[in-house]
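Asker: For chain V, the structure is supplied; the task is to place chain C on it using the hints.
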Amino acid sequence: MFQHQRLPGRVISQILVVIALALLIAPLAMIVQTSLQGQGPENYAIVISTTPFLRFFVNSLVISGVTVLLVLICSISSAYAIATLRPRGSRLAMVLILAGMALPGIALIVPLFYVIQALGLLNTYWAVIVPLTAISIPFGALVATNYIRALPVELYEAARIDGASNWTYFVRILIPVARPIIAVITIFTFLAAWNEYTLPLIFIQETDLQVLTQVPTYFQSQRLVDTPKIFAAGVLISLPIVLAYVLMQRLFREGMSAGAVK
Amino acid sequence: MTSTPTASRGAPLRPGRRIALSSYLYLVPALILVVGVVHVGIVANIGYSTLDWNGISPNGKPVGVANYVKMFTDPTFWVSLRNTLVFAVATIALQMIFGFALAVLVRTRAFLRGLLRTLAFVPVVLAPAVVATSFRFLLTPDGAINGLLSSITGQPVDQAWLADPSTALAAIVLINVWQYTGYSFLIYDAAMGQIDHSVIEATRIDGASTWQLLRHVVAPLLSGSHLVLIVLGVISALKTFDLVFLTTAGGPGTTTQVLTGYIYKQVIDQFHAGYGAALSVALVAIALVFSVLQVRLSSREAR
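So the protein lines, in turn, are chains V and C. Our numbering puts the first residue of the first sequence at 1, with every later residue one more than the last. Our numbering puts the first residue of the second sequence at 1001, with every later residue one more than the last.
In short, the hints are calculated from the structure, not lab data. Just so you know, these numbers come straight off a predicted model, no measurement behind them. A virtual CB, placed ideally from N, CA and C, is assigned to each residue, including glycine. Treat the hints with care, as some may be off.
[Claimed, not checked] Quick look at which bits of chain C chain V covers, simulated, 3 or more residues with Cβ under 8 Å:
1) 1023–1037
2) 1122–1130
3) 1279–1292
[To be verified] Residues from chain C that face chain V, not an exhaustive set, calculated with beta carbons under 10 Å:
4) SER1049
5) PHE1111
6) ASP1189
7) LEU1259
8) ILE1263
[As the list claims (entries may be wrong)] Under 7 Å between C-beta atoms, here's a sample of chain C residues computed to sit facing chain V:
9) GLY1041
10) ALA1044
11) ASN1045
12) TYR1048
13) THR1050
14) LEU1105
15) ARG1113
16) LEU1116
17) LEU1186
18) ILE1187
19) ILE1235
20) LYS1239
21) THR1260
Bound conformation, chain V alone (with noise of 0.2 Å):
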């Protein structure tokens, strides 16, 4: 769009492109650095091996996961009810759903804290995996909405005459043409369930169900503060999800801006 530029334009940009790699790179390249003072790489090694962290791994992986599944398995019902069937009160149902979207976890911690400790459900997964379900599913909601909205009318009409019931249109046609759309949502809602810190924060103590979003301060709290192994375990945390988004860079870009463009 703007290829058809002038030598000092040319220059000008060339040299804005350059001062914002610069800018972007400097801190990570800083972190790596840090994390590799003292031992060197056996940081890296010092970390897994003389902490939880595979535990902390495996934490994550799970609370990650099954937040994923319910939040696809609530948003995309909800949706095929919302946009499709639309049952009398729908539309009702809807904006009970998206009213929770820009809510701050935080504000919901009095009564999360109390509920929570009422029922015993202190240091379980569960204490995470639910309010996160609870306040990622309006987003995934309103996306898989717009996008069953969108489908032609036909599609649904022509099975329901072929005699599909309401079930199997759900499960044989709807589920595999919304494919684009559960990869949007899985996104999303894995690299913020992956990345959440304020709720294993407030509701998990146990050292075995930590997340790892939490070893940097288990690290702190540790009598030694040892930075370059506190950034080796930044490191470690950050590159499964960065190795996600090199590999998979347009669908990561379009589970991002789905909340905003669509």
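Answerer: Then chain C, alone, in the frame of chain V:
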């Protein structure tokens, strides 16, 4: 095709009603979770906000609107609100300007523009908890960032960015801008990709400079993206907690305290659950306005 009225009227009615009833089942899982956690939670907050309560004992002492009176006269509440607002305005403005510039730069013929497109989004996928913890150490007086600044400027820099009240909030804003400019870039990049090229060509032929083209043609065409980024920016500013909690924890003093951090402090650190609930009600009220805006925007574009 002619059938008896009773048959045509009676037969399809029953399966129709059964279908209508089963349609509601698809709404049940989402409604149970959202209503059960979010709506019940908000209503419970309103109830708790009328109590003097520690959040643990089964019942608190009813105090009416005393918590709200306290809130409106609590300087830390106003400071938190002001900081949240300053954070929102500063991060949104900077991220929009830089995101827009990046979207233009990847459309020039500059060398390394492909790398820029990939790298710009890397910080966005990182956990704010990791980014905040890292910058906390990088921004200490003897940290790596001062080291870099010293070697660039040629004189020793030992600014305590996060511990100095005059720079702490600005430092937090800049960390956020570093992490999330890639998001604004992504939105602008997608929108610029849909601008009709002939519009650009026509403006060029009329002799417009690049600056005039950006200012009077491209920027106005992206008004939808500007609006989306402002609304989403406010929402994410209202939610910001990890970044502040893990860099300054609201300090020094209350100079960087935000609403979420203040709620956490009151409820978890000081067991003022009743007062925390009143603060939460204020936060929910603000967030609700922006929920409505986001849904409006998103649904309008889908149609």
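Asker: Hint by hint, say whether it matches the structure.
Answerer: Now the hints, each set against the structure:
Counting residues of the segment 1023–1037 of chain C whose beta carbon lies closer than 8 Å to any beta carbon of chain V gives 12, which meets the minimum of three for the stated coverage. Only residues whose C-beta sits within less than 8 Å of a C-beta in chain V count toward coverage, and the segment 1122–1130 of chain C has 9 of them, enough to reach three; the restraint holds. For the segment 1279–1292 of chain C, the stated coverage by chain V is satisfied: 7 residues place a CB nearer than 8 Å to a CB of that chain, which reaches the threshold of 3. With 10 Å as the threshold, the beta carbon of C/SER1049 comes within range of chain V, its nearest partner Cβ sitting at about 8 Å, so the hint holds.
Annotation: C/PHE1111 was flagged as interfacial toward chain V, and the flag holds, the nearest CB pair being 6 Å apart, inside 10 Å. Against a cut-off of 10 Å between C-beta atoms, the interface hint on C/ASP1189 holds, since the closest Cβ of chain V lies about 8 Å away. A hinted interface residue such as C/LEU1259 counts as satisfied when its beta carbon comes closer than 10 Å to some beta carbon of chain V; here the least separation is about 8 Å, so the hint holds. Here the hint on C/ILE1263 is kept, as its CB sits about 5 Å from the closest CB of chain V, short of 10 Å.
The restraint placing C/GLY1041 at the interface with chain V holds, with a minimum CB-CB distance near 4 Å, inside the 7 Å limit. For C/ALA1044, the suggested interface contact is upheld, since its CB lies about 4 Å from the closest CB of chain V, less than 7 Å. Annotation: interface hint on C/ASN1045 holds; nearest CB of chain V at approximately 6 Å, less than 7 Å. Hint status for C/TYR1048: holds, given a least beta-carbon distance of 5 Å to chain V, under 7 Å.
Given the 7 Å rule on beta carbons, the hint for C/THR1050 is violated: about 12 Å separates it from the nearest Cβ of chain V. Evaluation of the C/LEU1105 hint against chain V yields a held restraint, the C-beta minimum of about 5 Å falling below 7 Å. Using the Cβ-Cβ criterion of 7 Å, the hint placing C/ARG1113 at the interface with chain V is satisfied: the shortest such distance is roughly 6 Å. The closest approach between the C-beta of C/LEU1116 and any C-beta of chain V is roughly 6 Å, which is under the 7 Å cut-off, so the hint is satisfied.
At about 5 Å, the closest approach between the beta carbon of C/LEU1186 and any beta carbon in chain V falls short of 7 Å, and the interface hint on this residue holds. Interface hint status for C/ILE1187: upheld, as the beta-carbon distance to the closest one in chain V is roughly 5 Å, under 7 Å. Annotation: C/ILE1235 was flagged as interfacial toward chain V, and the flag holds, the nearest CB pair being 4 Å apart, inside 7 Å. The closest approach between the C-beta of C/LYS1239 and any C-beta of chain V is roughly 4 Å, which is under the 7 Å cut-off, so the hint is satisfied.
For C/THR1260, the shortest C-beta to C-beta distance to chain V is roughly 4 Å, which falls under 7 Å, so the interface hint holds.
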